[in-house]
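Residue numbers (my numbering), protein chains in the order written: chain A, -18 to 290; chain B, 2 to 143.
Rather than coming from a laboratory, the hints here were simulated on the basis of the structure. Virtual Cβ for every residue (Gly too), placed ideally from N, Cα, C. Be aware that a few hints might be false.
Said to hold, decoys possible - Here are the computed lysine to any residue pairs in the SDA-like style, where the Cα-Cα straight-line distance is at most 20 Å: (1) Lys113/A <-> Ala98/B; (2) Lys4/B <-> Ala98/B; (3) Lys4/B <-> Gly141/A.
What the hints assert, rightly or not - Short derived list, chain B residues pointing at chain A, Cβ under 10 Å: (4) Met2; (5) Lys4; (6) His5; (7) Thr7; (8) Gly8; (9) Thr53; (10) Asn68.
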Amino acid sequence: MAVYLGAHGIIELTRTSEQNYLDSTLDPADVNVAAKRFSFDFGNNRFMTGDLLQITRMTTAGAISTSNLDFIAAASFPGGSQSPQGQWYVNVDAANGIRLYASWNLALEGGTTNAATLATPASAYPIRVQLKNNDRHILGEVIDYELNTNRETADVTSLGEVFRQRISTMITGSGSCTAFWNYEAYATENRNTSGYNNELSNYLHQLVLRQDLGASFRARFYLKTRFTKPYTSGVPAPNSEQIFYDLTGIITDVGVAFNANEPVRSRINFVTTGQLALLSEVVPSLVLNQTGGTVVQQNSSGNVALQSP
Amino acid sequence: MAKHFTGIDGSLRVDGTQIAKLSEWTFTAETTTLETTSLGDFARQFVPGIQTFAGTATAYYYVSSANVVDGGALYEDVIRISAPNSAATHTILFRLAGTTNREVEFSCVVTSVSISCVVGGLVTSSIAFTASGALTKATMGS
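For reference, chain A alone in the conformation it holds in the complex (with noise of 0.2 Å):
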């Protein structure tokens, strides 16, 4: 018989707002060409530094404009040149001010070195400024989670008959999740699985607070990382297999407790929308790595390398 600990439990984060948006004007006065920095009209909370924003000129009448967004330079645009639409990474300040970033990363950073060029523009004009689905993150520092789906019936019990006859209906999900309190998420290597950055709990304290945009997350709840291994003896070696949940779930509480003795704990509660699956994926042993125009799959016997004639 194979025991799994908790030890290895991960929450893979990824931010989302579920397609809603928020609609603004952007004013000439609202852009800092120097300071590579601008704002428009929102409130707190609404955004937050490591948010993937995508922006786009949009006419008085509502629709997609086919005019460019004039105020960032065409070489920070993502494709190297101006069009009505992008999307970049946002660092935001206490003052909530932008600044837009090609990576999670460098907007986690901040600073102007890395943050994209700004112009005035030519007049004010509508925008709409939509909070695309992010990166998966590791939600870090976390001291234990649970997840509890339930399946709803309906008794059909007839007359006549001496036990319960129920069917299933709907599938609703919930949970709740502890972690200690920190706010500035970061990039590194994770202890479990390479090349992953990490959220904070500080995050789900904000995102319970954001207004328009609402406080939905999408989210895995690993049972079964690619370096679980199994307490037991006389069973094969772990696979390589990844066993989570995946969901979209909207905060509904969030706590902090101080105590004199212990550490700032968070706790946070949810509950899930749409569909909750449970899956699972066989993790690749080849590694992608691209150098110079070079698409490399490597692994740790050697390489396969698909390289242009």
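Based on the hints, put chain B in the right spot on chain A.
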């Protein structure tokens, strides 16, 4: 296959388009009775009279990504600044989906729309309609 039906199987279509965000529908069919009891009878006797078909639906007030109000055509039959339509304008189809779909379909007159907005709750609308003419599909019992 033997089967109970639940809300998972239900849907409502207006002019062939399914209402996306519906939480409830009801359908009622009635027949009036005409009494034919004669002197000397000791039990009342009746024959069927005129049929009436009506329904209600409760929907979430929902705007699609194309900025279209879900079921908006029904709202505009009664929430309008011009005179009401002079004839039934929409076709309503109630469906219980299965291996064989069980359906009723009729041309309808929207008799009421009630939109409810409460603090902390979703905006919902209650729509009532009555059929004009005979059912054009009636497979709920077959």
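The hints, checked one at a time:
1. Lys113/A <-> Ala98/B: Not satisfied, since the Cα-Cα distance of roughly 35 Å exceeds 20 Å.
2. Lys4/B <-> Ala98/B: Distance of about 11 Å is within 20 Å: holds.
3. Lys4/B <-> Gly141/A: holds (19 Å)
4. Met2: violated (13 Å)
5. Lys4: holds (9 Å)
6. His5: holds (5 Å)
7. Thr7: Cβ of Thr7/B sits 5 Å from chain A, so the hint holds.
8. Gly8: Gly8/B check passes; min Cβ-Cβ to chain A is 7 Å, inside 10 Å.
9. Thr53: violated (30 Å)
10. Asn68: Check passed: Cβ of Asn68/B comes within 7 Å of chain A, closer than 10 Å.
In this structure, the earlier hints numbered 1, 4 and 9 are contradicted, and the remaining ones agree with it.
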